[in-house]
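Protein chains: 2
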Amino acid sequence: MKFKTKNTSNFARASEIQLSRGKINTPAFMPVGTNGSVKGLTVEDLNETGSEIILGNTFHLMLRPGDELIKNIGGLHKFINWDKPILTDSGGFQVWSLGDLAKISEDGVKFSSPYDGKKIFMRPEDSIMIQENLGSDIIMVFDECTEYPSTYEEAKKSMELSMRWAKRCKAAHKSKSSLFGIVQGGMFKDLREESLNKLIEIDFDGIALGGLSVGESKQEKTEILEFMCDKLPENKPRYLMGVGTPEDIVEAVRYGIDMFDCVLPTRNARNGQLFTSEGVINIRNAEYKDCDDPIDVNCNNKVSQNYSRAYLNHLHRTNEMLGAMLATYHNISYYQSLMNDIRSAIKDNLFAKFIKDFYNKRNLDMPDGPI
Amino acid sequence: MKFKTKNTSNFARASEIQLSRGKINTPAFMPVGTNGSVKGLTVEDLNETGSEIILGNTFHLMLRPGDELIKNIGGLHKFINWDKPILTDSGGFQVWSLGDLAKISEDGVKFSSPYDGKKIFMRPEDSIMIQENLGSDIIMVFDECTEYPSTYEEAKKSMELSMRWAKRCKAAHKSKSSLFGIVQGGMFKDLREESLNKLIEIDFDGIALGGLSVGESKQEKTEILEFMCDKLPENKPRYLMGVGTPEDIVEAVRYGIDMFDCVLPTRNARNGQLFTSEGVINIRNAEYKDCDDPIDVNCNNKVSQNYSRAYLNHLHRTNEMLGAMLATYHNISYYQSLMNDIRSAIKDNLFAKFIKDFYNKRNLDMPDGPI
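Sequence order for the protein chains is A and B.
With the working numbering applied, the first sequence covers 18 to 388.
With the working numbering applied, the second sequence covers 18 to 388.
This list has only true hints and no planted wrong ones.
In this list, chains with the same sequence are indistinguishable; a pair is considered to hold if it fits within one copy or across any two.
Straight-line C-alpha distance at most 25 Å; calculated DMTMM-like pairs for lysine to aspartate or glutamate:
#1 K95 <-> D310
#2 K95 <-> E61
#3 K306 <-> D100
#4 K88 <-> D309
#5 K23 <-> D374
#6 K306 <-> D143
Derived from the structure by calculation, the hints contain no laboratory data.
Given the sequences, and given the hints that come with them, work out the whole structure.
This is the structure:
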């Protein structure tokens, strides 16, 4: 992996990640392809939206259809017909989401498959091997996501376990893929700093911030970002996991984040929530029944150019699959176009203006922070 | 409408229908877009599969979103972003499918909307007006589909009502669209002939065969086709409504049919049934779990070229929307490629060989009939 920052605007940065399967312009949004498919989109669609990297879920793919099967067939890229980079999560977050159904020990996590009840023991080393079987371009360390809320002691214990696992992941990692570490430490700044320093010591290709967007307030999240932003290594990509809304993304870019993933644009599309330059609209609402306007006059993607709000309203009300397909296409296009605008603004030294316009169009106050 | 037969092979014919919105090469298959969407396909997909005309359902569109709404927005073509020809059915078949919920009188049919219970009275004149509001290129007369089985008296009474309605439809038809009549008469040859003669007398742009594929045996259907094939006017397109499987289509082409529509390739795709040159496969079957073969080695469409049976199996087993999307794309591509092969075979004077190969590949005996 080669990482090069081209332009900055205070903490915000426009950079390039060069991988053998392609270049990723950052700040970048990675659509989530849980089961080896970004729900509702073909790979042609993904390319048209300008997506340069997608995310695959280790937990789901190891269970169905199985990482060995995917490896035997030639890897995840061939399996799903996507030749650009793929980042895989480690499975840690999904295992954590199982709650009491997962038993965590020093060695790893024991849990039952939600599909067939099969008992599985997953160690950090297993997660790396599975991600290598999938043929991922960017592999994430296996970590324990710290509960929210948690006491200082709980957060410390959890973070320290994740850091020992991070070291084991690094030792187990054999392929030419890149490996990212994940900062934990809950809402406690000194623990976050300690975690970051351990990751820097182990030496990863990139640094992710984990354990955020798990229930904490916007202010708590911003405080962590603010605290971290001048401590994260400048020469490595920074990934804020599981984030978020367009507003969340713009805020995090202000604090120097380079990479994002989130199910919001795809999941909400299926429920008729469309992201636009003026905020979110629910296309099922009666007001759009006979509305001949495009989804977003400021968007020049295929869906906004060719279809009315009335047609999308009709498709969603009649539960036509095409409604989810077009809405997903629009939302991912909107996100990628937002990322492109962010990158251009940073490059053109217009990021401060971009942020003001972004909030003005939404009739929202611009939060304090670096610009 | 201009209709020109270029080549024949016994009763089979390769022709062209020229409409203001485009040319249709026949024998043609029309994908069904019930609610203003061919389920699971974008209009770009439809174009890629080689579809030259699609079908819209008057009954569904008049109820949701309403034909007046579609008219006000600029017509069905603009609404759904499809600029090639559209054929609309009359709503008669769907009303007939309501069974006892529809009351038929000389003047028309009274029924309740299955969506909101609203009472609707639909006369033949209403059906034509609705289809004109939609902006259809080929309008179908409003008819009563004869029950199967039915007595001679029932079939005669029903056919005669349909013929009186056909006359009223012709009188009500004002737009520049084409208007097709529909032959009824159940399984009774003399009634079929009487119906056809009345339609010829009224003078329509094309002739459809209705009241088939409603439960009768293959043999009964073939007997009707065989009886009709030398009586249908040569200078007009012939449309066999609601048919069918690849085998049904090949058989009907042998008896001179030009146009087909059916929900099979789209509906079955969603259930994992894929049409191939060697017959139907159920992609959910365990045998395909790790099968790296394409859907159909003889198909050069995007799905067969780029995806394995294993990936389709995985998508269908995990209920990923993309599974239905890719399967539908494959099935419609398969159907359009079949129609293209049929047309080429007729043009190249190789239709007899085509039919033999078609059945050989499927390990089926070739039915008797003209070749």
